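Listed here are the chains, written in short residue letters.
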Amino acid sequence: DTEVTQTPKHLVMGMTNKKSLKCEQHMGHRAMYWYKQKAKKPPELMFVYSYEKLSINESVPSRFSPECPNSSLLNLHLHALQPEDSALYLCASSQDSGNRNQPQHFGDGTRLSIL
Amino acid sequence: QKEVEQNSGPLSVPEGAIASLNCTYSDRGSQSFFWYRQYSGKSPELIMFIYSNGDKEDGRFTAQLNKASQYVSLLIRDSQPSDSATYLCAVNRGRGSTLGRLYFGRGTQLTVWP
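Those protein sequence lines, which keep their order, are chains A and B.
All residue numbers for the first sequence refer to my numbering, where the first residue is 1 and numbers rise by one.
All residue numbers for the second sequence refer to my numbering, where the first residue is 1 and numbers rise by one.
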């Protein structure tokens, strides 16, 4: 188990559904990240939040909508996803995205399947 | 040229041997370097990080950094079957608009056989 908690662990949804992925950390970290990982590929960065503000959006389609309600929580709202969006979605946190030396710690991920 | 390159393997070593995993990076100004272990179907787990030239040891793991050669490696001594996983090298440039962004290699699959 990691100190970054992601829910749900598994999610199956249709292309017209709306769902949300949740991520929580209580390590006092001020930077949080969303990654997407396909099988046998490295994680791909989607979004970075630093001090609850969106600092990086890697040109992610608008069907993915991030939200950072407070410094401990990070959500990823999903709507009208495509089958190619099926992947492992990883949340990570670090003390401060502006400090190059701070490692990122990953949650266990949400395995998402789009029907 | 890719930002971070690793031999994809698979790398196969017998139990008790030293496994050597290598990584090169293209941005000479990169500042910090991380090794993650990922078991099949699981999330990446941080096992080592290094910022300065030289060696850093933690138990059976040693990270080595050579900034002049833009090369970072991970040695696993006394390899165990439980070390069988994919090892991801990640690099942080540490400046400008890329602050907070990790560049990952494709990963090296390691198998330790009994």
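The hints are simulated quantities; they were obtained by calculation from the structure and are not laboratory data.
Remember, predicted model here, so these are calculated numbers, not experimental data.
Think of the CB as a built atom: it goes at the ideal place given N, C-alpha and C, for glycine as much as any other residue.
Just so you know, not all the hints are guaranteed correct.
What the hints assert, rightly or not - The calculated label-pair distances, taken between Cβ atoms and stated as ranges, are:
(1) A:Lys38 with B:Ser82: 33 to 43 Å
(2) B:Gly41 with A:Ser20: 20 to 30 Å
(3) B:Asp58 with A:Arg63: 37 to 47 Å
(4) B:Tyr71 with A:Arg63: 31 to 41 Å
To be verified - List time: in silico BS3-like cross-link candidates among lysine-lysine, alpha-carbon distance up to 25 Å:
(5) A:Lys19 with B:Lys2
(6) A:Lys19 with A:Lys38
(7) A:Lys53 with A:Lys22
(8) A:Lys38 with B:Lys56
(9) A:Lys9 with A:Lys36
(10) A:Lys41 with B:Lys42
(11) A:Lys9 with B:Lys42
(12) A:Lys22 with B:Lys2
(13) A:Lys41 with A:Lys22
(14) B:Lys56 with A:Lys40
(15) A:Lys22 with A:Lys38
(16) B:Lys56 with A:Lys36
(17) B:Lys42 with A:Lys53
(18) A:Lys40 with A:Lys53
Results of checking the hints against the structure:
At about 25 Å, the CB distance of A:Lys38 to B:Ser82 disagrees with the hint of 33 to 43 Å. For the pair B:Gly41 and A:Ser20, the supplied restraint of 20 to 30 Å holds, since their beta-carbon distance comes to about 23 Å. A hinted range of 37 to 47 Å holds for the C-beta pair B:Asp58 and A:Arg63, which are about 41 Å apart. Restraint check, B:Tyr71 to A:Arg63: a C-beta distance of roughly 40 Å satisfies the suggested window 31 to 41 Å.
Restraint check for A:Lys19 and B:Lys2: not satisfied, since their Cα atoms lie roughly 35 Å apart, outside the 25 Å limit. As the CA atoms of A:Lys19 and A:Lys38 are separated by approximately 20 Å, the hinted pair is consistent with the 25 Å bound. Distance restraint check for A:Lys53 and A:Lys22: the Cα-Cα separation of roughly 17 Å lies within the 25 Å cut-off, and the hinted pair is therefore satisfied. For the hint pairing A:Lys38 with B:Lys56, the CA-to-CA distance comes to about 31 Å; that exceeds 25 Å, so the pair is violated.
Note on A:Lys9 and A:Lys36: the hinted pairing holds, with a Cα-Cα distance of about 14 Å set against a maximum of 25 Å. The straight-line distance between the Cα atoms of A:Lys41 and B:Lys42 is roughly 13 Å, inside the 25 Å bound, and the hint therefore holds. Between A:Lys9 and B:Lys42, the direct Cα distance comes to roughly 11 Å. Compliance with the 25 Å bound is thereby established for this hinted pair. Restraint check for A:Lys22 and B:Lys2: not satisfied, since their Cα atoms lie roughly 32 Å apart, outside the 25 Å limit.
Note on A:Lys41 and A:Lys22: the hinted pairing holds, with a Cα-Cα distance of about 23 Å set against a maximum of 25 Å. At most 25 Å may separate the alpha-carbon atoms for a hinted pair to count; B:Lys56 and A:Lys40 exceed this at roughly 28 Å. With a CA separation close to 19 Å, the supplied pair A:Lys22 and A:Lys38 stays within the 25 Å bound. The hinted pair formed by B:Lys56 and A:Lys36 fails the criterion: a straight-line CA distance of about 30 Å is larger than 25 Å.
Taking the CA atoms of B:Lys42 and A:Lys53, the gap is about 28 Å. The hint is violated against a cut of 25 Å. Distance restraint check for A:Lys40 and A:Lys53: the Cα-Cα separation of roughly 31 Å exceeds the 25 Å cut-off, and the hinted pair is therefore not satisfied.
Taken one by one, the earlier hints fail for this structure at numbers 1, 5, 8, 12, 14, 16, 17, 18, listed in ascending order.
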